[in-house]
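S.K.: Next come the chains, spelled out residue by residue.
Number of protein chains: 2
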Amino acid sequence: MSKKSVLVGQSGGPTTVINASLAGVLETSLASDKIENVYGVMNGIKGILDETIIDVSKEDKDEIHKLLNTPSSMLGSVRYKLPSYLDDDTDYKKIKEVFEKLNIGHFFYIGGNDSMDTCNKINEYFKHINFDCTVFGVPKTVDNDLILTDHTPGYGSSIKFIANTVAEIYQDISCYKKGKVTIVEIMGRDAGWLTAGTKLASLVNNGPDLIYLPEVAFDMESFLEKVDTIYKQKGHALITISEGIRDSEGNYILTYSASGAKDEFGHMQLGGVASVLTNIVSTRLHLPTRSIELNLPQRCASHLASLTDIEEAYNLGKNALLFSLDGVSGKMSALERVSSNPYEVKYTYVDLTRVANSVKEVPLNYISKDGSQITNEFIEYALPLIKGNISNLDDNGLVKFAKFNKNFVKL
Amino acid sequence: MSKKSVLVGQSGGPTTVINASLAGVLETSLASDKIENVYGVMNGIKGILDETIIDVSKEDKDEIHKLLNTPSSMLGSVRYKLPSYLDDDTDYKKIKEVFEKLNIGHFFYIGGNDSMDTCNKINEYFKHINFDCTVFGVPKTVDNDLILTDHTPGYGSSIKFIANTVAEIYQDISCYKKGKVTIVEIMGRDAGWLTAGTKLASLVNNGPDLIYLPEVAFDMESFLEKVDTIYKQKGHALITISEGIRDSEGNYILTYSASGAKDEFGHMQLGGVASVLTNIVSTRLHLPTRSIELNLPQRCASHLASLTDIEEAYNLGKNALLFSLDGVSGKMSALERVSSNPYEVKYTYVDLTRVANSVKEVPLNYISKDGSQITNEFIEYALPLIKGNISNLDDNGLVKFAKFNKNFVKL
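Listed in order, the protein sequences are those of chains L and C. Residue 41 is where the first sequence starts when you use my numbering, and the numbers rise one by one after that. Residue 41 is where the second sequence starts when you use my numbering, and the numbers rise one by one after that.
The shape of chain L in the complex, shown without the other chains (with noise of 0.2 Å):
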């Protein structure tokens, strides 16, 4: 059999450790000797079609190591839906009359759903035509939702920032005798893995008072007798909440009004669901609020990153590369979990038809029967996943990030 080169490339939302997955595809290719050349696209499946395609041979070895600790995508980021073969096939033309002129066999796409779900279509696509070329997809999301891994890579170092993060600002609201009621906004539409991860600052200190994640319906009136109760005893308290939070109509409770009742002239909230609830708050209980919305640093905060998670995406990325040369392929690199405690996981793959466009919502065993905390059940499953210390910063400081010269081929 000739050798082939890779391609590999990433999409969707960018993660701490995404371009972890993309060193472990990068170095373990480029160590092969089954492999003829590495590439890298640009801006994921835009990029084959745009022709914006690096020679990644030609990168540092030692920026190529760095990117286990370097957030954000190296090669760029797109959403781009691609449309079924059978209604348009131009672009899936375009990308195998790319894949020929480089000798492309083996294909590498790093992301989460809707990636997954591009390639899928593509590994259709090649089996329909019978092109000579593996498709394999390694996941990410810090949204933890995808279906048939234990996790995805990126949630440990998302829920170690986060977590940290709200055990740090607890201890800064608990110095004042009547302090405020805080409520931290965590990312989190359908899915509320994230907002769950607050759970563990309760190792720390002994917030977060009340945790309130979208698969439970959200009562207010329930939450604003629970927050005045909690205020009275302890002169504070701190609230975490999912972006997504809907009330049992299905409702996002942030189109809810001042008065917390459903805001029927549909008024646009300048600010996120925290400033929604922290306002009505303010006029139903008289108590001084503070909103969080914690943002983007809960998918790029490297330099407090999980060191499980980095190897587990580095590992992902490099299986996924010996199983293609194995001739696997139409495959998603999974994480199966064989004990808790010792923490072990089993590196394995999964079917991508059965990946794509499904969601994973937290199980409900992990959830309070009341709807507002956390069960133990959780911590036990989630704080293996943020275990391992590493440091990227240099000594001025400041983190150090791995930097491409991203030589780009000529087709």
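Any given hint could be a false lead.
Identical chains blur together in the list; that is why a pair holds if it fits in one copy or across any two.
[Claimed, not checked] 16 Å max Cα-Cα, derived EDC-like pairs, lysine to aspartate or glutamate:
| id | residue 1 | residue 2 |
| --- | --- | --- |
| 1 | K134 | D102 |
| 2 | K121 | E401 |
| 3 | K218 | D90 |
| 4 | K217 | E91 |
| 5 | K217 | D90 |
| 6 | K217 | D131 |
Hints in this document: simulated from the structure, not taken from any laboratory. What you are looking at is a predicted structure, and each value in this text was computed from that prediction instead of being measured.
Take the given structure of chain L and dock chain C to it, following the hints.
M.R.: Just chain C, lined up with the frame of chain L:
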């Protein structure tokens, strides 16, 4: 001379290293054979009036040492303004009574501007009634706006978090070909020291594109023009701003409407100034935007503390104690810079009367002529302050904080 006891309190907004100064006072007092006992007052000056005072000699020595990297104020905080004793000496008489009961001969107050004012008032009263007790201020404030000290403890750790987070955000937002105009809001109502700190991120990658401080009048049209040019060039833009930026007439930009003009109706804005500005960018330039408020983590992100900052905070507390034992009183512990490269400081003290109620702004040679960037002179000033990396993460990957038993004394 008979031995006297030490009393120490904390006040104002907490910082990442205000507890390191506390550790400096406590460890040095506990180790000294010239001191009878060591007390801590809860919630600042209010705790003296309320008689909520703990016996620090009964705390675990390891926990006291952990204060070096524990954010927030272990002794709690308060916002309480003492009247002038000439108007009303009730509080002052109570303070003297408590000090006599506990045989306090050395009082230390760790805080910012207002706390130095409190400290000064107590010192003036003690001089007035000829009460034998030294009074010493220990500076803290992330705002870096105290005069007569090269910088304030808390500032270095704060900009270490801010600069690294902005670098990570810049890395994240650069991954799309057509990204967003991202505006990051930083603490600082009257002084732009913290926002200036975002310039250190430029040593990591290419951000921030524009930096605006309250020291220079903000011009909306020139801002919009610059954002438009940068976005057209790069496909994204990162702007950092102080919460207190104002126009040439002194109006806060926070009060502007979505059209970019001063909002004559004074509509309440839910978000902060970053969300006001992103609305204007979106209305006027039709560009996609995102606003980020770094919020409380700016003053409590202990996991990213600067070792230089921790050591200086500790030494300022320690030296306050040593100076007091020499009979010095009515002063604030201070830092004098000997040189920036190599970085060297001298520990000294300054008159409390001169420090209280003044604000140190960012000097104009640290700001570019057009007011939209920060100069290299600032980098030279600020870079040494974030140096030295130290971790307070445990084996689980979670921050570890000091815990006090708090044995309250009966008076």
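S.K.: Are any of the numbered hints broken by this structure? If so, which, sorted upward?
M.R.: Hint check: 1, 2 and 6 fail, others pass.
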